[in-house]
Amino acid sequence: MGEEMKQEKAYEMITGLVDNELSSKKRLQILQQIQSDHWCNKEYVKLKKLKESLSTLPPPLSLSPNFDANLMTKINEQKYKEPILSRFMNFGMMNRVAYSVATASIIFMGFLGVEYFHNPGTDNLQVNPSLSTLASSPVSSSVSARSSQRNKSLANLPVSTDMAIIGANGELKVYKGEEFMSINLHSDNPLAKVDHETQKHFGDMLSYLEYYRGMYFKEIGNHKKSRDCFEAFVSTSPNSRLTHHIQQNELNQSQTVTLTPDSNEK
Amino acid sequence: MNNHLEEESDEVLMLSFQGGEEQAFEEIVKRYKNKLLNYIYKYINDVERSEEITQEVFIRVYRSRERYQIKAKFSTFIYRIALNLAFNEVRNRNRRKTDLHDEFDDKIFESSIKETNTPERIYERKEIEAIVNQEINSLTGKYKDVILLCDIEGLSYKEVAQILNISIGTVQSRLSRGRIRLKQRLENVLNL
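Residue numbers (the working numbering), protein chains in the order written: chain A, 1 to 266; chain B, 267 to 458.
Hints in this document: simulated from the structure, not taken from any laboratory. Every value quoted in this text rests on a predicted model; they were computed, and no experiment measured them. Keep in mind that a hint or two might mislead.
No more than 25 Å apart at the CA atoms, straight line, and that leaves these computed lysine to aspartate or glutamate pairs for DMTMM-like [stated by the list, open to error]:
no., chain 1, residue 1, chain 2, residue 2
1, B, Lys408, A, Glu179
2, A, Lys200, A, Glu179
3, B, Lys410, A, Glu52
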């Protein structure tokens, strides 16, 4: 066994020698061994011949005449499929900056377009009363509704992560930061099934519950119910700016009013 | 311009290609297409698929040109792609035994007929080549990898180590053992 391992080690050295991959010290060492040892000498000759035979094996294949053309066709196809990001990274720096600015501008304009011209004749009402802006203007708690309120500018909506969205089925979805809850506005006691902790967490949003209900019932044409809800809200929040707005717009008129934020904001 | 490209190293060509010079890529294709075809063929033993996979190697080089870094030898980069594709091909398809007859397909004969040797000589050489290829193919994967890259493709230990992600010492020991096995099987065929 020992002899076998020695031979294996020697063969490794011979391999390195034949491939010219040995350090000068090891090269000298194995050369000396080849000169003095018959077995090493024999194996060295055989290995040289084997390597020469293998390295001079002619390539059995040659490429088809259409190889280059086919390759370029496939590459051109790939160019169209290449991921946008990959193609983008191949542009020069100034071009990338220009394209980035142009793309960002388009996205921003699209966002503004959606915000300004979005027709929520979709089924959702979005109500975002922000307490900080109510202090300055009741109309900041603007509501997007059906076509009767097209002129309202949604740009006046305060930027806030708190939001309430009223679904067409009367489901109110309340968002506070990353938290979310939903309740049924049809119910006369919508908070009955909401636990105390949740009510407390969403308290500032839920304080407008009757207002939301008023808006919902107004939307579905139940003006009596709407009025009742608004009156309930007014009675609980007599000093709120929103109360003033409701009293002026919702309770004094029986028809839908178009909010004109510009005139009211000032 | 083409003469200028022919003199450049693979690494410089890749840099030029990264900079948008498509002709540099064409020069790379020209240099490596035959080598890769035969390397892949020795790996997978399928004439038709070898050409397809060779194309796929270049497509991948084209697509991933940004990822190539000049500190690595280009041969390492491209052979690694080729090895991965060939390995996947072998793993995915159904293995079928290739006997000597499969090696003598019309394409091989067609190219050899143009040579000046006698038909007997040509046949004898082809037979030897077929046997050698068969024996290489029958080696265990780790030995076959190093034999193909070192002895057939002529890459250095360092390049092979990078392609296969092993140490130089491991390349040397696997090469040594692979050659011992080949030598035992081919002693008579090659008159060693």
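message = Let me make sure I understand: some of the numbered hints might not hold for this structure. Which ones are they, in numerical order?
response = 1
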